[in-house]
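Protein chains in written order, with the numbering used here: chain P, 1 to 115; chain V, 1 to 115; chain H, 1 to 157; chain Z, 1 to 157.
Hints were generated in silico from the structure; no laboratory data involved.
Hints are all accurate, no fakes.
Only pairs whose alpha carbons sit at most 27 Å apart, straight line, appear in this in silico BS3-like list of lysine-lysine:
#	chain 1	residue 1	chain 2	residue 2
1	Z	K28	H	K21
2	H	K28	Z	K28
3	V	K71	V	K100
4	P	K17	Z	K152
5	H	K21	P	K17
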Amino acid sequence: MEVERMNRDECDILRLKGRLDLAGAEAIEGFFKEYRMEPMQGRRVIVNFAEVPYISSSGLRVLVSALNDVKEQGGEMVLCEMNVGVEEVFEFSGLNDVFKIYREEDDALQAVSAP
Amino acid sequence: MEVERMNRDECDILRLKGRLDLAGAEAIEGFFKEYRMEPMQGRRVIVNFAEVPYISSSGLRVLVSALNDVKEQGGEMVLCEMNVGVEEVFEFSGLNDVFKIYREEDDALQAVSAP
Amino acid sequence: MTNLMPNSQADLCLSLRADPKLVVIACKAVRNLAEIHGMNERDCYRLELATDEVCSNAITHACERDEHRNYRLEAAYDEVDDSIVVWVYDRGEGFDIERVKEVKELPKPPNCPVGGLGLHLVRKVTDDIDYLCGKNGENCLIFRKRVIPEPKLAAEA
Amino acid sequence: MTNLMPNSQADLCLSLRADPKLVVIACKAVRNLAEIHGMNERDCYRLELATDEVCSNAITHACERDEHRNYRLEAAYDEVDDSIVVWVYDRGEGFDIERVKEVKELPKPPNCPVGGLGLHLVRKVTDDIDYLCGKNGENCLIFRKRVIPEPKLAAEA
Ligand SMILES: Nc1ncnc2c1ncn2[C@@H]1O[C@H](COP(=O)(O)OP(=O)(O)O)[C@@H](O)[C@H]1O
Ligand SMILES: Nc1ncnc2c1ncn2[C@@H]1O[C@H](COP(=O)(O)OP(=O)(O)O)[C@@H](O)[C@H]1O
Numbered sequence: 001m002e003v004e005r006m007n008r009d010e011c012d013i014l015r016l017k018g019r020l021d022l023a024g025a026e027a028i029e030g031f032f033k034e035y036r037m038e039p040m041q042g043r044r045v046i047v048n049f050a051e052v053p054y055i056s057s058s059g060l061r062v063l064v065s066a067l068n069d070v071k072e073q074g075g076e077m078v079l080c081e082m083n084v085g086v087e088e089v090f091e092f093s094g095l096n097d098v099f100k101i102y103r104e105e106d107d108a109l110q111a112v113s114a115p
Numbered sequence: 001m002e003v004e005r006m007n008r009d010e011c012d013i014l015r016l017k018g019r020l021d022l023a024g025a026e027a028i029e030g031f032f033k034e035y036r037m038e039p040m041q042g043r044r045v046i047v048n049f050a051e052v053p054y055i056s057s058s059g060l061r062v063l064v065s066a067l068n069d070v071k072e073q074g075g076e077m078v079l080c081e082m083n084v085g086v087e088e089v090f091e092f093s094g095l096n097d098v099f100k101i102y103r104e105e106d107d108a109l110q111a112v113s114a115p
Numbered sequence: 001m002t003n004l005m006p007n008s009q010a011d012l013c014l015s016l017r018a019d020p021k022l023v024v025i026a027c028k029a030v031r032n033l034a035e036i037h038g039m040n041e042r043d044c045y046r047l048e049l050a051t052d053e054v055c056s057n058a059i060t061h062a063c064e065r066d067e068h069r070n071y072r073l074e075a076a077y078d079e080v081d082d083s084i085v086v087w088v089y090d091r092g093e094g095f096d097i098e099r100v101k102e103v104k105e106l107p108k109p110p111n112c113p114v115g116g117l118g119l120h121l122v123r124k125v126t127d128d129i130d131y132l133c134g135k136n137g138e139n140c141l142i143f144r145k146r147v148i149p150e151p152k153l154a155a156e157a
Numbered sequence: 001m002t003n004l005m006p007n008s009q010a011d012l013c014l015s016l017r018a019d020p021k022l023v024v025i026a027c028k029a030v031r032n033l034a035e036i037h038g039m040n041e042r043d044c045y046r047l048e049l050a051t052d053e054v055c056s057n058a059i060t061h062a063c064e065r066d067e068h069r070n071y072r073l074e075a076a077y078d079e080v081d082d083s084i085v086v087w088v089y090d091r092g093e094g095f096d097i098e099r100v101k102e103v104k105e106l107p108k109p110p111n112c113p114v115g116g117l118g119l120h121l122v123r124k125v126t127d128d129i130d131y132l133c134g135k136n137g138e139n140c141l142i143f144r145k146r147v148i149p150e151p152k153l154a155a156e157a
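Modelling step: build the complete structure from the supplied sequences, incorporating the hints.
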């Protein structure tokens, strides 16, 4: 499990890559801990799932905690490019109400860039 | 494991579909037994592997026996469209000397159609 | 739930070291069994999820995260009910079966760390679930998922 | 070959019903373990082939094609040799270890029914192979394949 980080229009794009199960969640927990430590107020974050074939509750847990961190810092975090299987796990867990989920990265970018 | 049979330029095209392991070999043995019974002299046969992701020695065995049957009837049988993994199994077994193997179905067709 | 009993005639029995990285092996073994019996792709994903959640629970709640311990999984195709049945055994302390049975209100972030989501998902994606605590020093979580084949394409239908 | 001994600390232990349709489950379990440790795709295919041949032999030569019998496979990642080791156990009559060891001239069609090809392929695609006959009423065929990662793409190198 890897996280590729880049910047688009002053948004952080986090491209996850790999299976987001218990092992995957543990592998990216460190990234999100460090990410939280960065002294950034009000940042806008897009998590891209294009290369995440699979997610379990362990993966959801990491994302919820990342969302909470970003919100605490007055920021915003949205998700995009999920396959149907991954999207369904968000639905079944009721977290599709908690996260804003967009089809394309561009849609997500537009949403978080809007004034 | 399935065999789709069709005719192109008076050649029999046999499109195999599935994993050609022990179970796959047993699944298509019946087809080749019946095929052998057809009263056809000198037929030209192309076996297309485009949808065979995998082959083991059990698969090779069925093909060798089919080749022998066709040759006994004065016919010709060639193979085509293997992936690299499948092709390597033919190499490792020394059967790439026994079978004529072509990249494309069209190449195979041209080869068996030549006078 | 009488026919969700541990099965000595399982198609496969898999014992895995309690390492999170290896759970995918259990998921894929169960998925392969389901594929062999013609389960559709969406349901295979769901079956993988159920297997994953239950095996991850065995690691985190019953093996004390000790990677040298093992847990065990059995899986079988049940002809009578045309379904895949999975048994996951551990030697941990076990837990209250009602946690599995009762459908609770889902905890909502940001107030909580999303606990209890795993078994909720298992209930969502399977047709039947049961838990046998402490038989022969082993606990066993059992679930069943019916085999529904891939919907035919319009062109084939 | 001293380090090809049966291993109680295997990463996975899989017992399968002797049904040819289920062999793919063993192949994929071993492949998944190899993928976890970074084996390249071509070698994963070869490892799957070796696993397939040895399990198919267990079914056809040691289980009398009785689908209610079982055979057993263990697999482990060996850190010392950076390799995947696979043990396949059966309770059949066993056979002459020289059949595995000696590299024989390959039989050529059309004179023969291509026997003996399976173990030839196993030798070709693995780095080490051994056979222990009759220990505890079980026979065990063992093979090892070194983990070589995917070659880097030119762009990455
Ligand atoms: N195999 C198990 N052994 C002991 N306790 C378990 C086991 N599986 C689940 N539990 C208990 O049930 C609770 C709910 O499990 P689950 O819904 O998967 O959520 P989580 O594992 O995230 O807490 C766990 O917190 C744990 O207390
Ligand atoms: N597990 C086994 N138990 C008993 N005999 C075996 C076993 N595996 C292989 N053999 C013997 O070794 C021979 C060669 O095996 P192999 O190369 O796989 O070819 P094939 O299985 O096609 O005959 C077999 O014919 C069989 O006599």
